[in-house]
Structure formats: structure tokens, C-alpha cells
Amino acid sequence: LMDNVCCSADFLIPMLGNIVCLTNFAKVYSAEQIRSALTRLDTELFANGTGKAVMLQACLQEFFIMLFRLWESEKNTGTQQDPVILGYFEKFQRVMRQFNAGQTVKALAAEIGISHVHLNRICNQITGQSAGQLLDERLLEESKKYLSYTSYSVSEIAYQLKFEYPNYFARFFRKRTGLSPLKFRKQLNS
41 LMDNVCCSAD
51 FLIPMLGNIV
61 CLTNFAKVYS
71 AEQIRSALTR
81 LDTELFANGT
91 GKAVMLQACL
101 QEFFIMLFRL
111 WESEKNTGTQ
121 QDPVILGYFE
131 KFQRVMRQFN
141 AGQTVKALAA
151 EIGISHVHLN
161 RICNQITGQS
171 AGQLLDERLL
181 EESKKYLSYT
191 SYSVSEIAYQ
201 LKFEYPNYFA
211 RFFRKRTGLS
221 PLKFRKQLNS
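Per the working numbering, the sequence shown starts with residue 41, numbered consecutively.
None of these hints come from the bench; they were simulated from the model. This one's a predicted model, so the numbers in the text were calculated from it and none came from an experiment. Even for Gly, the Cβ is constructed at its ideal location relative to N, Cα and C. A portion of the hints provided could be inaccurate.
As a list, the in silico SDA-like pairs of lysine to any residue whose alpha-carbon atoms are at most 25 angstroms apart [said to hold, decoys possible]: (1) K202 with I166; (2) K146 with W111; (3) K131 with K92; (4) K184 with Q173; (5) K185 with Q169; (6) K223 with Y186; (7) K202 with Y186; (8) K146 with M106; (9) K226 with Q169; (10) K92 with M106.
Ranges between beta-carbon positions, derived for each pair [unchecked claim]: (11) Q165 with Q227: 12 to 22 angstroms; (12) P206 with Q101: 38 to 48 angstroms; (13) I105 with Y205: 45 to 55 angstroms; (14) Q227 with N140: 23 to 33 angstroms; (15) G153 with L85: 32 to 42 angstroms; (16) G218 with Q165: 21 to 31 angstroms; (17) L81 with Q173: 18 to 28 angstroms; (18) Y199 with A98: 19 to 29 angstroms; (19) Y192 with Q101: 34 to 44 angstroms; (20) K202 with E112: 19 to 29 angstroms; (21) R134 with G218: 23 to 33 angstroms; (22) Y199 with Q101: 40 to 50 angstroms; (23) P123 with S191: 27 to 37 angstroms; (24) G168 with K92: 30 to 40 angstroms.
Can you build the whole structure from these sequences, using the hints too?
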């Protein structure tokens, strides 16, 4: 499939040869547009619809073209990130991957060795979101995993994720997804 996607896409080779942190989403595509393209790709990957291979190829081509345009925009504007800032952000991402419920931005910043104000500044500069927003996204991902892959009750999940009360967890989840945890689980099962 990748050969079909990339066979005539020699323009991608310079981009794929280097690791680049793309930060100027608003100029070409918003982060939400990129996320939407990835969601379409993910949905198609796990669907069993007619023409799946063709649709996957189209989704991958769209995604790579979006990345290429972002890369071109970044390259042309010369807004390469400071390696020190990228280093801190990579440490932040590593700590976030080792998810520990109940972590605060201050605790994460201390673990990385910078102040929480500096961590927020770095996160805003690179992603356009605060460290707290990124932490909330990670917490939401974990919530969805628990709801999708376990039979834990909402109260048990709230406890696992270090929420003081189950209704705090339900409010957190509803605010970010528009669904209660139970409705989210029902949608998955239907």
C-alpha cells in the first residue's frame, strides 16, 4: 500500500529524511484538520467497507500532502525550533507517555527540570496548547482506553485516574467529548 501511495511522490523524500517539529499549523492547516485526517485514516483502517484499499490510499495521500505542505511552509518561513526547547518538549512527551494519573503540570515541570511557567511557554510555542491542555488530552485518552477495553465501572475508572469523585470524572469526560462516559461506552458497543 505504501508503494502505491508514495511511488510517484518523490517530493516527499527530502521531508521524510529528517525529523522536523512542525509548529505553524494555522498558516496551512490547523491541528484540528490534521487530527481529522488521521481520524479518517484510522476509521478507514479498521472498517471493512467496499474499496477499503483505495480509500486508505486516498487518506494516506491526503495526509502526506498535508504534512508536505506544512513542512514546506515551515521551511520557507524559517521558523525552526531551538534544539534546547525541542529537547525539553521531547522530555515532556516522554514523561507524558509514562502516564501517571494525578500528575500536575508543576510536578511534570519539576521532573523535567524547568518551571511550570517555562513548560507552558514551550508547549504553547510548539503546539499552540498549554501543558495543562496536553495533560488533559492524555487523561482523556486514558479514560477512553479504560472505557473501551475494560469492564470497570465509571466509579472504578474515576478512582484509577485519581479523580476525587466519580462525578468529577464524568464532568471532565462530558466537557471534552460531549458524551457521558456511559454513553461513550454504549456507542462503542453498538
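These are the hints, each one checked on the structure:
no., hint, result
1, K202 with I166, "violated (28 angstroms)"
2, K146 with W111, "violated (32 angstroms)"
3, K131 with K92, "violated (38 angstroms)"
4, K184 with Q173, "holds (16 angstroms)"
5, K185 with Q169, "holds (23 angstroms)"
6, K223 with Y186, "holds (14 angstroms)"
7, K202 with Y186, "holds (13 angstroms)"
8, K146 with M106, "violated (35 angstroms)"
9, K226 with Q169, "violated (30 angstroms)"
10, K92 with M106, "holds (21 angstroms)"
11, Q165 with Q227: 12 to 22 angstroms, "violated (36 angstroms)"
12, P206 with Q101: 38 to 48 angstroms, "holds (44 angstroms)"
13, I105 with Y205: 45 to 55 angstroms, "holds (46 angstroms)"
14, Q227 with N140: 23 to 33 angstroms, "holds (28 angstroms)"
15, G153 with L85: 32 to 42 angstroms, "holds (38 angstroms)"
16, G218 with Q165: 21 to 31 angstroms, "holds (29 angstroms)"
17, L81 with Q173: 18 to 28 angstroms, "holds (24 angstroms)"
18, Y199 with A98: 19 to 29 angstroms, "violated (43 angstroms)"
19, Y192 with Q101: 34 to 44 angstroms, "holds (40 angstroms)"
20, K202 with E112: 19 to 29 angstroms, "violated (43 angstroms)"
21, R134 with G218: 23 to 33 angstroms, "holds (31 angstroms)"
22, Y199 with Q101: 40 to 50 angstroms, "holds (44 angstroms)"
23, P123 with S191: 27 to 37 angstroms, "violated (46 angstroms)"
24, G168 with K92: 30 to 40 angstroms, "holds (33 angstroms)"
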